[in-house]
Amino acid sequence: MISLNELWFVLIAVLFIGFFFLEGFDFGVGMETQILAKNDTERRVLINSIGPFWDGNEVWLITAAGAMFAAFPEWYATLFSGFYIPFVFALLALIARGVAFEFRGKRDSLAWKRTWDACIFIGSFLPPFLLAVVFASFIKGLPIDGDMQMYAGFTDIVNVYTVVAGLTVVLLCLVHGLMFTTLRTVGDLQARARKLAQKLLIPLAALFTAFVIMTYNMTDIFEQRGTVLMIIVALGVIAFVLSGYFMTKKKDGYAFGMTGAVMALSVTSIFVGLFPRVMISSIDQAFNLTITNAASGHYSLKVMTIVALTILPFVLGYQIWSYFVFHKRVHEKEHLEY
Amino acid sequence: MDTVMLSRIQFASTTIFHYFFVPVSIGLALLIAIMETMYVRKGNEEYKKMAQFWGKLFLINFAVGVVTGILQEFQFGMNWSDYSRFVGDVFGAPLAVEALAAFFLESTFIGIWIFGWDKVSKRVHLLSIWLVAFGTMLSAFWILAANSFMQHPVGFEINNGRAEMNDFFALITNGQLLVEFPHTVLAAYATGAFLVTGISAYKILKKQEVSFFKKSFQIAAIVGIISSIGVAVAGHAQAQYLVETQPMKMAASEGLWGKSGDPAPWTVWANIDPENQISTGEFQIPYMLSFLSYSKFSGEVKGMLELQAEYEQTYGPGDYIPPVRTTFWSFRIMVLAGTLMIVLGMYAMYLMWRKKMDRPNTWFMRFMLWGLLLPPIANTAGWVMTEFGRQPWTVFGLMTTEDSVSPNITSGQVLFSVISFTTIYLILGLVLVGLFIKVIKKGPYAMDNDHGDSNDPYNEEGSHDIS
Chain F
1 MISLNELWFV
11 LIAVLFIGFF
21 FLEGFDFGVG
31 METQILAKND
41 TERRVLINSI
51 GPFWDGNEVW
61 LITAAGAMFA
71 AFPEWYATLF
81 SGFYIPFVFA
91 LLALIARGVA
101 FEFRGKRDSL
111 AWKRTWDACI
121 FIGSFLPPFL
131 LAVVFASFIK
141 GLPIDGDMQM
151 YAGFTDIVNV
161 YTVVAGLTVV
171 LLCLVHGLMF
181 TTLRTVGDLQ
191 ARARKLAQKL
201 LIPLAALFTA
211 FVIMTYNMTD
221 IFEQRGTVLM
231 IIVALGVIAF
241 VLSGYFMTKK
251 KDGYAFGMTG
261 AVMALSVTSI
271 FVGLFPRVMI
281 SSIDQAFNLT
291 ITNAASGHYS
301 LKVMTIVALT
311 ILPFVLGYQI
321 WSYFVFHKRV
331 HEKEHLEY
Chain A
1 MDTVMLSRIQ
11 FASTTIFHYF
21 FVPVSIGLAL
31 LIAIMETMYV
41 RKGNEEYKKM
51 AQFWGKLFLI
61 NFAVGVVTGI
71 LQEFQFGMNW
81 SDYSRFVGDV
91 FGAPLAVEAL
101 AAFFLESTFI
111 GIWIFGWDKV
121 SKRVHLLSIW
131 LVAFGTMLSA
141 FWILAANSFM
151 QHPVGFEINN
161 GRAEMNDFFA
171 LITNGQLLVE
181 FPHTVLAAYA
191 TGAFLVTGIS
201 AYKILKKQEV
211 SFFKKSFQIA
221 AIVGIISSIG
231 VAVAGHAQAQ
241 YLVETQPMKM
251 AASEGLWGKS
261 GDPAPWTVWA
271 NIDPENQIST
281 GEFQIPYMLS
291 FLSYSKFSGE
301 VKGMLELQAE
311 YEQTYGPGDY
321 IPPVRTTFWS
331 FRIMVLAGTL
341 MIVLGMYAMY
351 LMWRKKMDRP
361 NTWFMRFMLW
371 GLLLPPIANT
381 AGWVMTEFGR
391 QPWTVFGLMT
401 TEDSVSPNIT
411 SGQVLFSVIS
421 FTTIYLILGL
431 VLVGLFIKVI
441 KKGPYAMDND
451 HGDSNDPYNE
461 EGSHDIS
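Heads up: the sequence lines are chains F and A, in that order. The first sequence begins at 1 in our numbering and counts up by one. The second sequence begins at 1 in our numbering and counts up by one.
In isolation and in its complexed conformation, chain F is listed as follows (with noise of 0.2 angstroms):
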């Protein structure tokens, strides 16, 4: 049996993951918005395609965040106290796509639109690019002390092995979200993602090659976990190819869910490399939070447990079922009206 250390561990993990793997490609279809789109309507059936998805993809980071204050409150306050300025622009791009989503065609005028589009994609953007960075600073370590308070200066947050994490998941959250878009649109929409999708496959596996090469010199993740890893990097490589394959076959669903296993094996990733601690101290080994320092107590965590147990099945079971209300593809002839 695990402890219900390793549970929440496991559970805050798989809520990293489902984020990831769906607000994911809403990220990468806001990006689109500016990249593949040509006009307003194409930008249109864009927006409309994760209309109803993207705000139900989104609580799945406030569930992580509400999980990791519940189970692990240490780890809570060191992440969002240390990575303060961070979090003040991931918050206001996130707040200022939100309302773009509902603002935009509100109101007849050119200006208008642009203003929210252009936080769409800043929005769609920076909150995933800040996101990498802070989970690579994890696996690097960060100057957190005795007493748990983590005191970053600019480089421990931003350097070259973040900005490259940074990147890397910017750009698989936009090659996942154009196949997602080739799974909800027709047409030359459909076509211009796939084949976009296919040429940004080769700067993204430079990216990947780089990130694994300094993970693997900087950190001390593959020392302590190289077998485990290795799998998850091989299986990761064979998905990418695999996702390759299937754009080329044009099976999209199929790429779709390669794209969408890299990303999660790249959150797996971290999270193993992690285990069982939650923020590794460059200061002193001694000074890392772990899933047993950082955690609320026994009875906290059973109560939880329960809880999460009882509600978790019902929110998979609505969550799917709603992706099968909208399964079908949204349509430029149907009623845009924009």
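These are computed hints drawn from the structure, not numbers from a lab. Bear in mind that the values here come from a model prediction, so they are computed numbers and not experimental data. Every residue, glycine too, gets a C-beta built ideally from N, C-alpha and C. Careful: at least some of the hints might be erroneous.
[Claimed, not checked] Straight line, CA to CA, 25 angstroms or less: simulated DSS-like cross-link-like pairs of lysine-lysine: (1) A:Lys122 with F:Lys328; (2) F:Lys328 with A:Lys119; (3) A:Lys119 with A:Lys48.
[As the list claims (entries may be wrong)] Derived contacts from chain A toward chain F, CB cut-off under 8 angstroms, selection only: (4) Glu73; (5) Gly77; (6) Ala93; (7) Val120; (8) Val433; (9) Ile437.
Since chain F is already given, all that's left is putting chain A on it; use the hints.
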């Protein structure tokens, strides 16, 4: 300014702003659910139009509520990390359950409601809006469970310098929660209701789509009067609980320095001087405070100076008196606004009962229009009283605000976040008001002409303003 002060400013301003939208979402969701129920049962298209028209305002409002809510969750960790470390074990649980049980429900079914008008059956569509309404209420329950813990901590023990939960059931049956939840949720229903009556009054005054807005007015007025009276009843229960559990807040909200005397009079008006710890020029209603506190016309209420001495004995030296003026006046503003809501609601009932809605008094309709501001005023004042009155504590009797702040953030960082959030919130507020006015001016049927069979909420472009 130091990080404590700046973080307090940020928390207060972002929370107050967020709480303009939350009650509107809770209230409108219920009203829309009622309207759509009438549509499904009676098959009258006008009710469908109602659900869609008020739904437009609901969605604009909901969007702002959701995005400003994310910040609420994050800033406990960002600005108040020592607080989060101390109470995370207890306080984090309701927040996590809120996300898991309520947010997923709301966000998924709002998606189905918005985009599903002709993708799911009528009944499933109706169920979606009821689930959204239920979700918003559930969300209120869990967040208030967390807040109630701060007001009146229960179900925990102190271990290794942290509060650890030892009784989850006690946490969700906290006496504070049992009075705070009905008070807050009913106030939210009143907020939605007065928004709808206010806007309807405006359209009736303008003689636009009178039948449509008269129907809306009547449904909302009924919800409005029931919930306004309910708020007052629940508020009375809450005041009594306050006397028991947070006497200092009660004394501050009365500007009561010394003993009240028995029976205690209620102070309507006073000139409060916190420096010299004295109130002058008081205008008082005899017996009223005894009644408020104990539901009988006798009984004494403790004053702040006496409580200060008691608290110093219990908690050690320090200043345990909250900002008295703010607490005192916010309480009065809340009560006054609430009373006006009941008066307006009753007169609306009278008009409906006497079937005089066809030619309502113009003055009354103007009052109803401006009446839509009463609930937000009451809500804000109520929260200001509750949260300022709890100072200097974040968790009553356990942890002070000063000890709660993150030690590793700088005032420069917080200043930066205060400025950025204030700016973006101001913009959001202005845009929202502008869009509300635009939607209201266009009215329910103009939308129809412009958009034909539209079932897409994000698509107002290309329409013409007919106002």
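Hint by hint, here is what the structure shows:
1. A:Lys122 with F:Lys328: holds, 19 angstroms
2. F:Lys328 with A:Lys119: Satisfied, since the Cα-Cα distance of roughly 10 angstroms is no more than 25 angstroms.
3. A:Lys119 with A:Lys48: Between lysine 119 of chain A and lysine 48 of chain A the Cα gap is close to 16 angstroms, so the pair holds against 25 angstroms.
4. Glu73: OK, holds: glutamate 73 of chain A within 8 angstroms of chain F, min 6 angstroms.
5. Gly77: Interface hint status for glycine 77 of chain A: holds (3 angstroms vs cutoff 8 angstroms).
6. Ala93: For alanine 93 of chain A, the interface hint holds, since the closest Cβ of chain F sits about 5 angstroms away, which is under 8 angstroms.
7. Val120: holds, 6 angstroms
8. Val433: This hint is violated: valine 433 of chain A lies away from chain F, its Cβ roughly 12 angstroms from the closest one there, beyond 8 angstroms.
9. Ile437: violated, 11 angstroms
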